[in-house]
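One-letter residues, chain by chain:
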Amino acid sequence: MAIVELQKVRKAYDTKVAVVDLSFRIEQGSMFGLLGPNGSGKTSSIRMMIGMTVPDSGSVRLFDQPFDRKNLHRVGYLPEERGLYKKMKVIDQLIFLGELHGLDAVTASKRAHAWCERMEITEAIPKKTEELSKGMQQKIQFIAALMHEPELIIMDEPFSGLDPVNATLLQDTLIDLHKQGRTVLFSTHRMDQVEKMCDTICLIHRGNLVLSGPMQEIKSRYPKNRVQMVFEGDASFLNNPNVESAKNYNGMAEIKLREGADAQPVLAEAVAKARISRFEVMEPTLEEIFIETVGGRVDA
Amino acid sequence: MRNVWLIAKREYLERVRTKAFLISTLMIPLLMGGGIVGSILAGSKSKPSSHITVVSPDQQLALDLQKELEHGKESRMTVDVVSPGNSSTRTTLDGMLADKQLDGYLWITPGAKTGERPSFSYTPRSTADISTKETITSSLHTVLMRERLSHDGIVAGEVSALMEPVKVDTTQAGKSADTVSSFVAIYVLFFLMYMVILLYGMNVARSIIEEKTSRVFEVLLATIRPEEMMAGKVIGVGSVGLTQVAVWLLTAVLLTSSSLIGAVAGGNVHVSLSPMQIIFFVVYFLLGYLLYSSIAAALGAMVNSEQELQQLNMFLVMPLAGCMFALAPVISNPSGTVARVISLIPFCTPLIMYLRISLATPPMWEIALSIVLMLVTIYAILWVASRIYRVGILMYGKRPNLPEIMRWLKYS
Chain A
7 MAIVELQKVR
17 KAYDTKVAVV
27 DLSFRIEQGS
37 MFGLLGPNGS
47 GKTSSIRMMI
57 GMTVPDSGSV
67 RLFDQPFDRK
77 NLHRVGYLPE
87 ERGLYKKMKV
97 IDQLIFLGEL
107 HGLDAVTASK
117 RAHAWCERME
127 ITEAIPKKTE
137 ELSKGMQQKI
147 QFIAALMHEP
157 ELIIMDEPFS
167 GLDPVNATLL
177 QDTLIDLHKQ
187 GRTVLFSTHR
197 MDQVEKMCDT
207 ICLIHRGNLV
217 LSGPMQEIKS
227 RYPKNRVQMV
237 FEGDASFLNN
247 PNVESAKNYN
257 GMAEIKLREG
267 ADAQPVLAEA
277 VAKARISRFE
287 VMEPTLEEIF
297 IETVGGRVDA
Chain B
2 MRNVWLIAKR
12 EYLERVRTKA
22 FLISTLMIPL
32 LMGGGIVGSI
42 LAGSKSKPSS
52 HITVVSPDQQ
62 LALDLQKELE
72 HGKESRMTVD
82 VVSPGNSSTR
92 TTLDGMLADK
102 QLDGYLWITP
112 GAKTGERPSF
122 SYTPRSTADI
132 STKETITSSL
142 HTVLMRERLS
152 HDGIVAGEVS
162 ALMEPVKVDT
172 TQAGKSADTV
182 SSFVAIYVLF
192 FLMYMVILLY
202 GMNVARSIIE
212 EKTSRVFEVL
222 LATIRPEEMM
232 AGKVIGVGSV
242 GLTQVAVWLL
252 TAVLLTSSSL
262 IGAVAGGNVH
272 VSLSPMQIIF
282 FVVYFLLGYL
292 LYSSIAAALG
302 AMVNSEQELQ
312 QLNMFLVMPL
322 AGCMFALAPV
332 ISNPSGTVAR
342 VISLIPFCTP
352 LIMYLRISLA
362 TPPMWEIALS
372 IVLMLVTIYA
382 ILWVASRIYR
392 VGILMYGKRP
402 NLPEIMRWLK
412 YS
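As given, the protein sequences belong to chains A and B, one line each in that order.
FYI, the working numbering numbers position 51 of the first sequence as 57, with every residue one higher than the one before it.
FYI, the working numbering numbers position 104 of the second sequence as 105, with every residue one higher than the one before it.
You may find that some hints are simply not true.
Cut-off 20 Å, straight-line C-alpha distance, at most; resulting in silico cross-link-like pairs (SDA-like, lysine to any residue) [to be verified]:
| hint | chain 1 | residue 1 | chain 2 | residue 2 |
| --- | --- | --- | --- | --- |
| 1 | A | 95 | B | 215 |
| 2 | A | 133 | B | 16 |
| 3 | A | 92 | B | 305 |
| 4 | A | 93 | B | 307 |
| 5 | A | 93 | B | 208 |
| 6 | B | 213 | A | 86 |
| 7 | A | 95 | B | 10 |
Chain A is nowhere near these chain B residues, computed Cβ spacing over 10 Å in every case [to be verified]:
| hint | residue |
| --- | --- |
| 8 | 22 |
| 9 | 112 |
| 10 | 129 |
| 11 | 135 |
| 12 | 251 |
| 13 | 314 |
| 14 | 361 |
| 15 | 380 |
So, partial list: chain B residues that the calculated Cβ filter (under 8 Å) puts toward chain A [unchecked claim]:
| hint | residue |
| --- | --- |
| 16 | 4 |
| 17 | 15 |
| 18 | 17 |
| 19 | 215 |
| 20 | 217 |
| 21 | 219 |
| 22 | 221 |
| 23 | 222 |
| 24 | 224 |
Derived from the structure by calculation, the hints contain no laboratory data.
Think of the CB as a built atom: it goes at the ideal place given N, C-alpha and C, for glycine as much as any other residue.
Chain B with its partners taken away, still in its complex shape:
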């Protein structure tokens, strides 16, 4: 264990000290921060502040619309009302459009019969100004609806209550978590694993190739076992990735915390994960990362150069992507045979078992078994990888084919 620790420590420190690590660790949060600031700036602009004129024979409707457009939830426009308009009004307004004194005007023509909806025609200065038109449309909708409801004798307070959006909560018998947050967690787990494996799994493979070219392994192998070296590399290089992701996540949380807290408090986002779920999330993420890093180590052991590694790249993410196909049957019946079998396949365990834990309560022994199976698989992969590695570097200079790998495993 001491040797594994020493190897891991060296890998970790050597990598963390590099400029490349520092830059990439800092650049991503800077970009994230920049993106957020940018979107805030863009967001403040997106509330239309255009100056328009409403021409309507129905003065009440025009004033209601003016109020909604000037002080409503989504717009800060300046609105002039002309009521009623005549033929010279249109000429005047067209002239103002051309002089850029106005961004557009809305012409309301009353319906032919009483009670029929009037028709609306909006003339913008620039047809590209879609957002102003959209705001006008939705405001009109609100105004007309409110007018109609109050016309039918409903008081203003009730009108706004009626117009609140409907929210549906899901609760499950015996479970505090709702499905939405389970799904959010599953997708976060999936994308986190996918990203981290893609970004850092290959680093593990690369560090093993590097060891081959630097030829330090021969000194190392004179004191330690190849398995220890492999394990040390996976843990050391892996921790570098975890450090970086941790920094990024922390920055992301800090940057978004104000809006996140606001959203949670406002009841728009509803995330409820039990402490157990959070623990399992971490456990399965780490085990999954270790497992896939071990596969990367095995790939690195098989090849002699980065180019050869590229060709084997897909073997790394294929099993993980394959798990996505298993999501549907597991969701529909989290305790069924299919779900139980798939969740015990080590390559799928991190995602599928976690999904099952979020959706139902699998028996404790199944959870324990899945973790044991993963650990055994990690060890087995590292064992095979170290065999391939040792035989490969000591005797050959070429990439082995499958029968050769099988033969190498018999050497000890």
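With the rest of the complex left out, here is chain A:
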């Protein structure tokens, strides 16, 4: 079942076209990454999914039904630009947001406490939001999006501005939620960050779809033509006919193979000429795939 389905969605603002005939599906239970550089139309697409804006043409389906606001209670949303009421106490704020998502005050309060414990910010509960650090505020916003136990979790750039420890905490939480069977969608412009998390991705650039599908399938479409190696001794093997280009940083080499070429003859020559302590045929990174696909036109 497709939890979210965009069909030929188009959205134009006064000065520019934000999204051009974008179509993709998010299957139930997937961990979906919406990727693209800044200004590529990620936030615009997300806003259309939750009915904040309506597409100029095309259609949005949520939970296998045409878009309907009453289904929004099943969605948890973390906006890119964080916002909380500064003068309000954290607990009141969470209860308020929980109530807006359909919880009663008692349940909201209980869950708020449980979540604060899980996110390691119990000391913030009685404080006013303006007294908290940015990272803490972000965690509270994160909790607010999850308190009503949504089936679909949509997070716009959830890790931006977090230190590594907190980013990992958030990542782990998302992975847990995914394991519970929830569908998670998040957007990011940092492709390296999501490689290990997502099972499905959609890459967009200037409002256009570049790539979409299961991560492994996408990666397998691209040849493994990159080798990283560490060696001691004669480096002349880097001139092997299978090598298209190579960079040698004092015993650390990065090799790009010719199209369709095999890495084995290179390894054989290297073994004959030098001492090899590492030789690895690398999968292409998302970033490389992206750059290859859009032809290096990334204007971040």
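Please build the complex by placing chain B on the supplied structure of chain A, with the hints as guidance.
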């Protein structure tokens, strides 16, 4: 509706809990109380208690005047009588003035012919003491009038009856209310609305600007409609204003109740409003407040900062002030076409329709229509405001001009 209620509740509680609210709610009644105590103190002083001397060849006149000045309605003076005076009297009195034993003296010179009014000359110690002179003048007037009337053979009791002020009551066919209390009610309604809109309408606009800067709206808009948010804000922030005004009015009534009851019992103030009029007063006040708060919300939706808001301030009170020009034609003919048309314009309805209800009996369907029109207008303004708001915050960072607003309304 639940969402509107939640938003309104949050706005209300967050505002009522602030120190600023507590202070301003308490300060005004304290100032009012202080003002009243002050005016009572000042009022007790204003009854002149000066010590003067009356010099008159006519001893009866001097004694009558002494009685009036010492025990009359408006004065508690100490009065000495010298009758008749001679040239050395004036020297003595001047000396007493200089020694501050006396506040002033009144010299009465008889008229040249019999029956002619004597002439009066008052010499005060300080020319700034106007109130003593005024009291003497009015007391003299009373004394002379009484003397003249009794001279013409009218007995004392009748004299005081004759000198009572005249009161004219107005009654209207089929209406228990008199025009005076209608006018009082209209002016109270006008000033109450004007004050509350000026004081609190801008708070609605400000809270909407605040929402933009805090960026909470994006979380809110993911679950609720912008119309619901707007309505919640108008109701929540609006109720804060109503609470404050209610506290102030209650204090005012408590503080003035004794004198108010006295005045009503004494027949000086004549207020008679029917229960229906009171109900309509509340209904139209609340609807008017809601309508103008919605306009404030729309203004708040259009701008990004308080400074920009200041420039649009006048749009808020202009329509209300404009209604004042319509008062005259409506008063002269409350059931005429002009009055009927104006009373159905939602921005004027609260004042003008209420005026018509007080002065005549407009058909029930017109009253109902005016209320429906107001509700529709409130909804329409909120709808437009929420459109401007949503498009504005999601796409732009600048204040829109009119063509842009028109274009935004087409977005959904």
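Hints and how they fare:
Between residue 95 of chain A and residue 215 of chain B the alpha-carbon distance is near 15 Å, which keeps this suggested pair within the 20 Å criterion. Our distance criterion of 20 Å between C-alpha atoms is met by residue 133 of chain A and residue 16 of chain B, whose separation comes to about 17 Å. Annotation: proposed proximity of residue 92 of chain A to residue 305 of chain B holds, straight-line Cα distance about 18 Å (limit 20 Å). Between residue 93 of chain A and residue 307 of chain B the CA atoms are separated by roughly 19 Å; this keeps the pair inside 20 Å, and the hint holds.
At most 20 Å may separate the alpha-carbon atoms for a hinted pair to count; residue 93 of chain A and residue 208 of chain B meet this at roughly 13 Å. Restraint check for residue 213 of chain B and residue 86 of chain A: satisfied, since their Cα atoms lie roughly 14 Å apart, inside the 20 Å limit. Of the pairs offered as hints, the one joining residue 95 of chain A and residue 10 of chain B holds, with about 15 Å between alpha carbons and a cut-off of 20 Å not exceeded. The claim that residue 22 of chain B is not at the interface with chain A holds, since no C-beta of that chain comes within 10 Å of its own (minimum 12 Å).
For residue 112 of chain B, the shortest C-beta to C-beta distance to chain A comes to about 80 Å, beyond the 10 Å cut-off, and the non-interface label holds. Residue placement check: residue 129 of chain B keeps its beta carbon more than 10 Å from all beta carbons of chain A (closest about 54 Å). Every CB of chain A lies more than 10 Å from the CB of residue 135 of chain B, the least distance being 57 Å, so the non-interface label holds. With 10 Å as the threshold on Cβ separation, the claim that residue 251 of chain B sits away from chain A holds: the shortest Cβ distance comes to roughly 28 Å.
No Cβ of chain A approaches the Cβ of residue 314 of chain B within 10 Å, the least distance being about 25 Å, so the stated non-interface status holds. Every CB of chain A is more than 10 Å from the CB of residue 361 of chain B (nearest about 47 Å), matching its label as outside the interface. Distance check for residue 380 of chain B against chain A: the nearest CB is about 18 Å away, which clears 10 Å, and the non-interface claim stands. Taking 8 Å as the C-beta contact cut-off toward chain A, the hint placing residue 4 of chain B at the interface holds, the least distance being around 6 Å.
Hint on residue 15 of chain B holds. Least Cβ distance to chain A is approximately 6 Å, under the 8 Å limit. Taken as an interface hint, residue 17 of chain B does not check out: its beta carbon lies about 13 Å from the nearest beta carbon of chain A, beyond 8 Å. Satisfaction of the interface hint for residue 215 of chain B is found here, the shortest Cβ-Cβ separation to chain A being roughly 5 Å, below the 8 Å cut-off. The beta carbon of residue 217 of chain B comes within 4 Å of a beta carbon in chain A, closer than 8 Å, and the hint placing it at the interface holds.
Because the beta carbon of residue 219 of chain B sits about 4 Å from the nearest beta carbon in chain A, less than 8 Å, this interface hint is met. The interface hint given for residue 221 of chain B holds, since its Cβ lies 7 Å from the closest Cβ of chain A, which is under the 8 Å cut-off. A hinted interface residue such as residue 222 of chain B counts as satisfied when its beta carbon comes closer than 8 Å to some beta carbon of chain A; here the least separation is about 5 Å, so the hint holds. Annotation: residue 224 of chain B was flagged as interfacial toward chain A, and the flag holds, the nearest CB pair being 5 Å apart, inside 8 Å.
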